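Top to bottom, those sequences are chains A and B. All the letters of the first sequence, read from the start, carry residue numbers 391 to 556 under this note's numbering. All the letters of the second sequence, read from the start, carry residue numbers 134 to 513 under this note's numbering.
There's no promise every hint is true.
Below are the DSBU-like pairs computed for lysine-lysine, each with C-alpha atoms no more than 30 Å apart in a straight line [stated by the list, open to error]:
| # | chain 1 | residue 1 | chain 2 | residue 2 |
| --- | --- | --- | --- | --- |
| 1 | B | K337 | A | K423 |
| 2 | B | K392 | A | K441 |
| 3 | B | K181 | A | K418 |
| 4 | B | K243 | A | K418 |
| 5 | B | K337 | A | K418 |
| 6 | B | K302 | A | K441 |
Hint data in this document are derived by calculation from the structure and do not stem from the laboratory. If you're wondering where the values come from, they're calculated on a predicted model, not measured in any experiment.
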Amino acid sequence: MDKLLNDFSLGLFVWQTLLFLLLLFLLKKFAWKPILDAVDEREKSIEAALKGAEEAERRMQALQADNEAAKKEAMIERDAIMKEARDTRDDIISDAKTAASEEGVKMIASAREEIEIQKKAAIAEIRTQVASLSLDIAEKVVRQNLSSDASQKELVNTLLNETKLN
Amino acid sequence: MRLKNFAKALILTALTTPVFASSQDSDHSDSDHNEHTTSHQNDAVDTKEEIKSYIMHHLEDTYHFGIWDAAGISFPLPVILLDEGLHVFSSSNFADDHGHHDGIAESNGKYYKIDHAKIYRTDAEGTLTYDSHHHATNVKPFDFSITKNVMMIIITGLLMLLLFRSLGKSYAANGGISKGVGRFLEPIVLYVRDDIARPNIGEKKYKKYLPFLLTIFFFVWFLNIFGLTPLGVNVTGNIAVTFALALLVFLFTNFTGTKDYWMHLFNPLGNAMPWYGKAVLYIILIPIEILGIFIKPFSLMIRLYANMQAGHIVLMSLVGLIYIFGNMMGGSLSFLLAFAISLIEVLVALLQAYIFTMLAALYFGFAAEEHEHHDEAHAH
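From just these sequences and the hints, can you work out the full model?
Rendered as structure tokens:
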């Protein structure tokens, strides 16, 4: 203790105190403040970046959920549209079928009518043909100078019968 | 949290309580003094007494900056004395014919001589008178010389300014990322902030104390490390230096003390006990608390001083052993031991800086503490 007190240097103590305070002041002003400020700022920016990333993640998730919902909605809508289309198609087909069958019936009816008309026309034509044919036959018979009355009569009958049959 | 830190501090204190080397409170025997003068003649330091005196000299402050004293390589430093007027002269004035600083320096008609690393006023012949404790009784002028230790403090201060200024500047230049030597220093700065200042002082007030803690940490650490270099400086192992540091901690603690801090000192029990109960206890408690204010920084002073001093003594003794053994076996053994101790001393250099800062932060934490729950209790 005695040596400690004897060794104590007042000058060194004074210098140490003054120089340390000066160093403290200078470092505080030129070193610690810029260093700590820069580090603080960096930490804040990192924090902000992390928060931003989190926020982006959350937003992305929200977006994904939105997308999912929109997709589902679209599917539902698509299904609805498809169903409607199918219904419409079926309607059209059945309508067309009905229309076609009606038309068919009409056509068949008109065809029958036509056939009837044609038949009648044909019969009429056949009649005239038969008449002219009979006339021709008659003419031929007349021209032939009939060999016998009986055979002539028979021939005429036969011809007549044949003509009736026609 | 506070309790845990306190326990940590207690363990640290216990671990690092200095082991006083017996050689430290060595007597200034006549033989000691004579040996060192005789040792100058043959220049080899190889006896037990010579080594002991060499170590003691190494631990002391000097007026010149010796790089290699044995070879006479040293820089003179300015001597500044206040002795009925200002005396400023070079320490080379003390140099004698052998290049040792045992001569008599003359300044403005006054004569000065160095004895045991202190300047005394003498007469023209350099007569020193001693008391029974072998202390010189001559007049001791007020001595504000730029000694080796002051020089080292200045160099360390400049180095710190250079390093940390460049670190501070590198952020702006590199977009918020440190570069160069700052890469190494920045984590340490952040460690002091996040693991010393913040937990001990608290989130609210740590910023006020942080510059002081950072400065003291790096100052002590750098000087401790310088003490391990062959420059042979022993700044942090000097009681005047540690006293100055501890005093600043003491002043800073008490001048920033909150109302709660002082309440804790003078009314530690608060409303937990009626006044007549407290009066009896406080006769004992308050003196202890007041003593505590002084003991805390005092322990800081002694711990750093004694640890660094002891480290230097142990290291130099082990190196000195090489010359005492004087043979291959003992010499190499001492060398290995000295090498191992050197490595430990590197750790101690950091550890002591850490402990000093840690405890200073703890004391600042006491000073800065505020009990919100007290106010709440009164309000309801």
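Does the structure break any of the earlier hints, and which numbers would those be? Hints 2, 3 and 4 contradicted; others consistent.
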